[in-house]
Amino acid sequence: MKKGFIRINSELCKGGGLCIAACPKGSIRIRNKLNIRGYHPAEYTEKEKSKNRKCTGCALCAIICPDIAIEVFRD
Amino acid sequence: MAKQVFTRPKALKDNIFHYCPGCGHSIIHRLLAEVIDELGIRDKTVGVPPAGCAVLAYNYIDVDMGEAPHGRAIAVATGIKRTRPDLIVFTYQGDGDIAAIGTAETIHAANRGERLSAIFVNNGVYGMTGGQMAPTTLLGQTTTTSPGGRLPLRDGFPLDLSQMLAVADGSVYIERTAVTSPKNIIKTKRAIKKAFQVQMDDLGFALVEILSQCPINWKLSPVDACKWVEEEVVKSYPLGVIKDTTQAQNRMDRMKRGKRAKT
Amino acid sequence: MTKQLMRGSHAIAEAATRAGCRFYAGYPITPQNELPEYMSVRFAQLEDATFVQAESELAAINMVMGASMAGVRAMTSSSSPGISLKQEGISYMAGMELPAVIVNIMRGGPGLGNIAPSQQDYLQATKGGGHGGYRTIVLAPCSGQELVTLTIKAFDLADAYRSPVILLGDGLMGQMMEPVIFPDPIDPAALPKKDWTLDGARGRDSRLIASLHLDPTEMEQFNWKLARKYAAICERETEHESYLLDDAVVAVVAFGTAARIAKGAVNRVRKAGLKAGLFRPITLWPFPGKELRDLTRTIKSLLVFEMNFGQMVEDVKLSVGEQARVHFHGRPGGIIPTPHDIGAAITKLIHRYGL
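Protein chains in written order, with this note's numbering: chain Y, 851 to 925; chain V, 23 to 285; chain D, 788 to 1142.
If you are wondering where the hints come from, they were derived from the structure by calculation, not from laboratory data.
Don't take each hint at face value.
Unchecked claim - Partial chain Y-side listing against chain V, Cβ under 10 angstroms, derived:
hint, residue
1, GLY854
2, GLY867
3, VAL922
Source: prediction; values computed, not measured.
Every residue, glycine too, gets a C-beta built ideally from N, C-alpha and C.
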């Protein structure tokens, strides 16, 4: 199965949570620590290099993100 | 080295969106910019933003923009397009802008078959001004000016402008989409691209109505707001193509009518 | 340069076309219907001209706004009620420094009023009919030939100052046929290039034409910029006509059709040995206040004569203060006063003060 990973710009993110609902692998969650603008941003739960990443780089999260805060990579 | 598969479109300026968390406007802005990039028309496109949440669209979409008074974007766009038919002209309007104060301008632009691509963002409220009732507010939907929910006798019924425009012979392509899920977003992008293509093919008036979530004024989380669109709003505003006469048949008409008469 | 007998509205339309106007949006309303009618025929003869009959006067001004953004000379015309519908658009054009010509063929009012000529929109035109305290140059023709010259001048001033300009006519001059002479037509391509228009960001940054300034300091700066522009216009563009004022003891102050009727009255009373003259503002804004004030060094009685119940009289009083007696004679509602009517008022004034 192809693997991928994402990078979330925590300062652009407004914590809308749409990416979390869209991710088929449940690899995104809300971060406790606030960002500079007072939102709880989303964060990617997996390590970019780890073998058992579930993320396939399908980009559904990035497609629905209103703030273009997510970059998507495929191995 | 991993390959990046999702990038910010070039036709978008680097400014941070001012929109509320989960708002559909900035998704539509991105789609608009992606379409402009893919059609390669950034340097001959002129946009007319509305008065409303998206009045600041010119801070984001990197094309020439001319601001119109509330409701009059399509009339301003008509002036631009008729003067410079070589330019690609689009309007970006909310439901109050296009279906309340701007209804007459919109119906008559469609009726004249103005070669324009209208983006109609339907989020059921007047967002910028704090969530008042709009022509597209659903029956029973509470807003700051429809306490206890919209009542037909007091507030009228949800207005379906797209259906009204479909009856105007000058309109050739009208579709209603949504930006509440990746699937719907991809469909919205296809519809916007087609609306631009219809203009570039000189076929007639094109409009895309986009159901958009407004979490802050609906007092719902972004995720619930998207659900609400897909469960409730679509009952009054079903998604899909409302009018599409752009196939060969229409091109034949265009040939018979000859190039669009000059005046 | 042949002389042609032409109806006022047609003369305006032909003059605009010769001035390089290439976009016109209009809407039917008496007494100016002949102007859009003429434009629809005239523009059909031109490759690069666009005529649109809009769905309302309000839509029409917004189309003119768009055409102006795209860089062409653009015009709309209407009559009083229709001009009220255009006020928001005119304010936006002032706020975006967009040039355009707006023709008002005034009729009786307020409200639906009637279709007879009047001068009841003076304050609306000169005090900025829309919101925000902008000013528009207001030109007041009083003859067929001036309809031609001032229409062309309106386009030049609009472009020179990047501002909407109002041509203030009335139902009488709109309908009346008079001999007029047209200058040679201007080729729009020969007009000075505009480097601020919306024509696609090819090889340059994208441009924005907008009147929104959310930051009050920005809005203030823009207002002071407008103020400087208006000061310059007042300095350079004020225009008026003096008629038989050198030895006059009373000056009638009137513009447009009223001035023309007053000229007849002045000639009439002169024959009876009474020394009257006429001061005719041609630019209603900027108002020729200074020139009027200078006049009061010799003439202490002014008789303001308007086809309304008193509007320009306010500007006259503002200009002359206590230096002269300001009297008023008005006929609102679409009444067309006669030279006899105003002649009697002059005579009464002269006898009453033993001038």
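Next on the checklist: Need the list of violated hint numbers for this structure, in ascending order.
Outcome noted: none
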